[in-house]
Each structure stands twice: as structure tokens, then as C-alpha cells.
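With chain E held as given, fit chain D onto it using these hints.
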Amino acid sequence: DTGVSQDPRHKITKRGQNVTFRCDPISEHNRLYWYRQTLGQGPEFLTYFQNEAQLEKSRLLSDRFSAERPKGSFSTLEIQRTEQGDSAMYLCASSLKGQTIGNTIYFGEGSWLTVV
Amino acid sequence: QQPVQSPQAVILREGEDAVINCSSSKALYSVHWYRQKHGEAPVFLMILLKGGEQKGHDKISASFNEKKQQSSLYLTASQLSYSGTYFCGTENNAGNMLTFGGGTRLMVKP
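Those protein sequence lines, which keep their order, are chains E and D.
So for the first sequence, my numbering puts the first residue at 1; every next one is plus one.
So for the second sequence, my numbering puts the first residue at 1001; every next one is plus one.
Hints listed in this document are in silico derivations from the structure and should not be mistaken for laboratory results.
In this text the structure is predicted, and so the values were computed from the model without any measurement.
Check the hints yourself; a few may be wrong.
[As the list claims (entries may be wrong)] Pulled a few chain D residues facing chain E out of the computed Cβ check, cut under 8 Å:
1. E1016
2. A1041
3. I1047
4. Y1074
5. E1091
6. M1097
7. G1101
8. G1103
[Unchecked claim] Taking lysine-lysine and the BS3-like style, the derived pairs with C-alpha atoms no more than 30 Å apart in a straight line are:
9. D/K1026 to D/K1068
10. D/K1026 to E/K57
11. D/K1068 to E/K97
Note that beta-carbon positions come from the ideal geometry of N, C-alpha and C, so glycine has one too.
Here chain E stands alone, though its shape is the one from the complex:
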């Protein structure tokens, strides 16, 4: 257990429905990341926050995806009008920005999404 917790761990939804995932990072960590991982692939970067500010978004993050970190603590990732191609594991990670580079990033257990 790295201290990054995600909820729910598994979600099965029908195509077209909206889903929301929550991530609670390690308490003192000011950076929070969302990644997506499909079977047999490495994690793909989606977006990251420093405190409550969303600093970078991947072009993978279509208009149907939105992420928030309202008070600089937990974060939510919402997917609207889900499609079968959204089926994946959504990983949250956090780090403490203590150095300019090379801060260790810790991953949560992931939230599995299956769109049927």
C-alpha cells in the first residue's frame, strides 16, 4: 500500500453513461497525476495538478474527460458519455515537489473501468 487510494476499484458501466473516479493522494503530496493503462501497455499520461492548479493535459484527454482537484487534496476524474474505447485502468499517482526534477511518484491501485 503506497498511501494513494482510489475509489471505486472496479466500475462496469453502459456505453453513454458518465463515471467518476476519486483519488486521495499521500497527505503531504502537492502533485497529483492521472494516467490510463490498457492491457499490455505502459501507463499513458493524462493530466497533472500542482496543488489545485491543473498544469498539463495530454491530448488523450478529450472533451469528455475532466479532472478537478478543488482544494488541492483529493481529485476526481470524470468521463462523460463513455465509449467502449474508454475501458482501461485509470491510475492516480502523487509526489512531493521537493526538487526541480526526480521526485518519486507513487501510484495507487487503480480504478478498472469496463464499458459494455
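Using the frame of chain E, we list chain D on its own:
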């Protein structure tokens, strides 16, 4: 751009050694290595910051050749618990987000 890992898969007998390589087409600020078991989160192994830096943890060590934009992970005297998929994550700018390679699946057999 995604770093390239090689080999894609390797099968070992317990006690054998393996090397996993990670190379990038972009300059690297740091390289992070993770191991992921099926259905679980990636677990941090080690981070390398400087060119030529080598780090070790038990029988797993790594090197970083900044000039060649490459890193290698060395697993010696492999144990059954080493089985899993190994990912390198590269930091290409000071933004601290990592770009991961496609992974190397390692299976250690008794």
C-alpha cells in the same frame, strides 16, 4: 515520445540474471523504474538522476547513461518474486510527469 524498452519479454530460471534496457530519443532529466504485477499498481523501484549514476537495491541495480539517453536495469540471481512487468518512466523536462515505455514482461520459473 515514448521510451523504447527491450527486450519485450524474458523468461528466466531462478538464479539467472537479466538486463532490461530503456532508451529515449529525447534528452533525459531522470529515469524511474517500476515493477507491476498483474492487476496491481506499478511499484517504485528506483530513480536515477545523473548521467552515469548507478543505484542498487538488493540484487536489482540500474545505470543511467545520460549521453546515450539510455538506462539499464540489472536483475541478478533472480527470484520468483521478480516476476512481473518492468517499466521505465522518463522525465524529459522539468515538469515532473513521466512518460512510460511499453514494458518488459519478466517471468522467473523455478
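Going through the hints against the structure:
{"no.": "1", "hint": "E1016", "in the structure": "violated (24 Å)"}
{"no.": "2", "hint": "A1041", "in the structure": "holds (4 Å)"}
{"no.": "3", "hint": "I1047", "in the structure": "holds (6 Å)"}
{"no.": "4", "hint": "Y1074", "in the structure": "violated (20 Å)"}
{"no.": "5", "hint": "E1091", "in the structure": "holds (6 Å)"}
{"no.": "6", "hint": "M1097", "in the structure": "holds (5 Å)"}
{"no.": "7", "hint": "G1101", "in the structure": "holds (5 Å)"}
{"no.": "8", "hint": "G1103", "in the structure": "holds (5 Å)"}
{"no.": "9", "hint": "D/K1026 to D/K1068", "in the structure": "holds (10 Å)"}
{"no.": "10", "hint": "D/K1026 to E/K57", "in the structure": "holds (20 Å)"}
{"no.": "11", "hint": "D/K1068 to E/K97", "in the structure": "holds (27 Å)"}
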